[in-house]
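Colleague: Each chain, letter by letter, is given below.
2 protein chains.
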Amino acid sequence: MARARSGAPRRRVRAGRSSRRHSLGGVLECLHLDGPTSRTQLTELTGLTRSTIAELVQELGQLGFVEERAAPLVTGPGRPSPVVHPRPQAAVVLAVELAVASVSLATVGLGGRVLARSRLARPEDDPAALVAEIAAAAAPLLAALPDRARVVGTGVAVVGVARSQDGVVELAPNLGWRGVPLGAMLDAALGLPGWLLVGNDADLGALAEQRRGVGRGVEHLLYVSGEVGLGCGVISSGIPLRGTHGFAGEAGHMLVNPDGRPCRCGATGCWETEAGSARLLARAGLATGSAGIDELEVRAAAGEAAACAALCEVGRWLGIGIGDLVNLFDPQLVVLGSVYGRLFGWLEPSLRDGVGLRSMTAMGGAVEVVRSGLVGEAALLGAAELVFDRLLADPAGAVRRRSEPRVAGG
Amino acid sequence: MARARSGAPRRRVRAGRSSRRHSLGGVLECLHLDGPTSRTQLTELTGLTRSTIAELVQELGQLGFVEERAAPLVTGPGRPSPVVHPRPQAAVVLAVELAVASVSLATVGLGGRVLARSRLARPEDDPAALVAEIAAAAAPLLAALPDRARVVGTGVAVVGVARSQDGVVELAPNLGWRGVPLGAMLDAALGLPGWLLVGNDADLGALAEQRRGVGRGVEHLLYVSGEVGLGCGVISSGIPLRGTHGFAGEAGHMLVNPDGRPCRCGATGCWETEAGSARLLARAGLATGSAGIDELEVRAAAGEAAACAALCEVGRWLGIGIGDLVNLFDPQLVVLGSVYGRLFGWLEPSLRDGVGLRSMTAMGGAVEVVRSGLVGEAALLGAAELVFDRLLADPAGAVRRRSEPRVAGG
DNA sequence: AGATTTTATTGCACGGCCCGACAAATTGTG
DNA sequence: CACAATTTGTCGGGCCGTGCAATAAAATCT
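Line by line, the protein sequences are chains A and B. Numbered by numbering that gives the first Met the number 0, the letters in the first sequence go through residues 0 to 409 in order. Numbered by numbering that gives the first Met the number 0, the letters in the second sequence go through residues 0 to 409 in order.
These are computed hints drawn from the structure, not numbers from a lab. Careful, some of the hints might be misleading.
With beta-carbon atoms standing in for the labels, derived distance ranges [said to hold, decoys possible]:
| no. | chain 1 | residue 1 | chain 2 | residue 2 | range |
| --- | --- | --- | --- | --- | --- |
| 1 | B | GLY178 | A | GLU367 | 19 to 25 Å |
| 2 | B | ASP352 | A | VAL297 | 45 to 51 Å |
| 3 | B | ALA300 | A | ALA127 | 55 to 61 Å |
| 4 | B | GLY178 | A | ALA69 | 54 to 60 Å |
| 5 | B | ALA128 | A | PRO348 | 44 to 50 Å |
| 6 | B | ALA143 | A | GLU367 | 47 to 53 Å |
The beta-carbon is built from N, C-alpha and C at its ideal position, and this holds for glycine as well.
Please build the complete structure, drawing on both the sequences and the hints.
Modeller: Following this line, the structure appears as structure tokens:
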């Protein structure tokens, strides 16, 4: 979308955001990510002229995605610029996160606002039963949507690897799944319009952190998530790393300790075996499950020796693995999510030691390692973003051909 | 790399190739990569119409980049489509590869044709002296260019990590360098117009394999290069993985064997220490240097025990590391280059064992592992491609503002 | 030689965007 | 309260890149 220029060189549409049809998506993306924005700010963000922005905003208004309101705040001299607000109900995504011991659901509106939440604590193991349970849980959320809300699709985060083409969960060891056509099953059970996209929870966590969490605007980002296993999502040059089959970033079975325990993947000393939350709980003498993490937190706060030792040891292995990944991906920021996010305070010291042990920070600047800012909802919000991405790629088209649902991986 | 067909809504320029000014670059890129192409083929490749292609080809002709010739071959009924040929001398890159024990130079024309080669066997160690030597070696190559040849820049591959912004070689342990402003030094010594771009040899090897080697058209590719150290370049979703500082893919210091030898990076059991060609020679009881590799090849062919054992052992460690990387990057193809390419036949069996040991090939299809198809010139050709990339991003602009050289990393 | 097939050329139209001029809305000042 | 200064929305004009359809050109087939 380059253009001939006559005056000063105008900045192109924001770097990293590739050209979209009509720039309509570009404008809507700004609003979706940055919230209400004045027209003038939009011209600065997109590099388009006032005329073009006016035209685009008008079209977005006609499509129902935005509404303009008078600027409430005093800005200084000059005519005030009206503020363009995204309308959450104009595009609603049903987001689902399949963790190991729980399922979270939420309806997320344009702009990223969570409209309502729901949670299943002890979900079924069998895929078919689980899908039915999810559909039942989704019904009240969807019923509670405001009138004239427009559902644009469903995003699903799953602890396992999802195939890009069709949303089949190839392998989810912690759920005991293999080759489950989750996308198609959910699509049939829910009967919702729009896309149904399935992605790995860590990949989606990375996406969410980059969009709405601590990694806003960071081009190269690593997200490490601890559920029962250990997941890792990578964003490089602003786009999620996918790989041929959509399995890129599966770092859980990277070698860190050949003297370590055998892993159920067949190899020994995998990162997950040494630093996964299952190992963390076992090392602290606790039972597996989310209740175990609560208990661990209590014991660590109380200064119990076994708990602290477990956190220290696991933190070190976590850091060693992260150090290797830092060398491989050269990220600007590493975000620790889910269980690791919760326990970040206790893991941090030994984790930083581990990172320093292996990463060649001498080469570049030191990497920043932080905890997630999305209080355990990273993967859920990421699942929603997956669907919003499709919408933003062609907002007008999404409205036009609504009755053409597509199931795919993320 | 699907292509557009008439009837259905036309796809924009080939997916993965972002929109370029005027689509001019897109057309020139097709010609640069695929060689002489008929106008009709160009419409199929780019998805543009005949009218547009005609206009673009005319403009490229006026700029001197291409010339049309009558179709020499019998095609069938109908009016024959003229074939558009890239003119090599219209854009010439001086490519330089700084290996450990040698320096290679070549002039490469548009379309990827190597116009002339040169080689320094025992180069100087000191950066300043080396740069002078390179400039002296480049002079006859440049003098031998055909009349009216247009030099568009210089591409440099170096065994070390080059900073993206300015082409400073941050760290090149095998050359004993640290913070050498190679880009600026070479630019000053050569005095050539256009860009001067510096990149890591493995990254550039990956680029070359994807453009002109065994990885043509492969979207996700891993290139493993053995010079003295061990380098690794990654191409994901068609674009080179860069990272914040341009250090992504630096897998040489990934942990593979904690029981292994200490590495000069400070850690122990790094991949490079176990599988680098230095280790290979040491294990076979040979002295370091390229002569050692020749000798190793002879002894292995003769069936000498120590040589075979070394190849087997190193091949296994190589495979283990590759297996981990396969999990991390999910490539479609792994290419072994430089020393590993030469010795591929002997390394292959134990290497495949090692890969199987760690990579979860059960998940997706098996990864293909092959030797480089560019007979030791991958990095050199990749360095040229680095510069061609800039040219193709805006061919008209490159002609317009020639006197504006820019030094940068690749 | 004429029919058929495939392709290049040409003129036209449209969409997306920039530009310049003008009107509108606000703040600051006498 | 009127005026200047400032900033912004609006409208008409125009350019550029590309698609579309009609026409001319160059080959093969019969």
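Colleague: Any hints from earlier that this structure breaks? Give me their numbers in increasing order, please.
Modeller: Going through the list in order, the structure violates no hint and respects every one.
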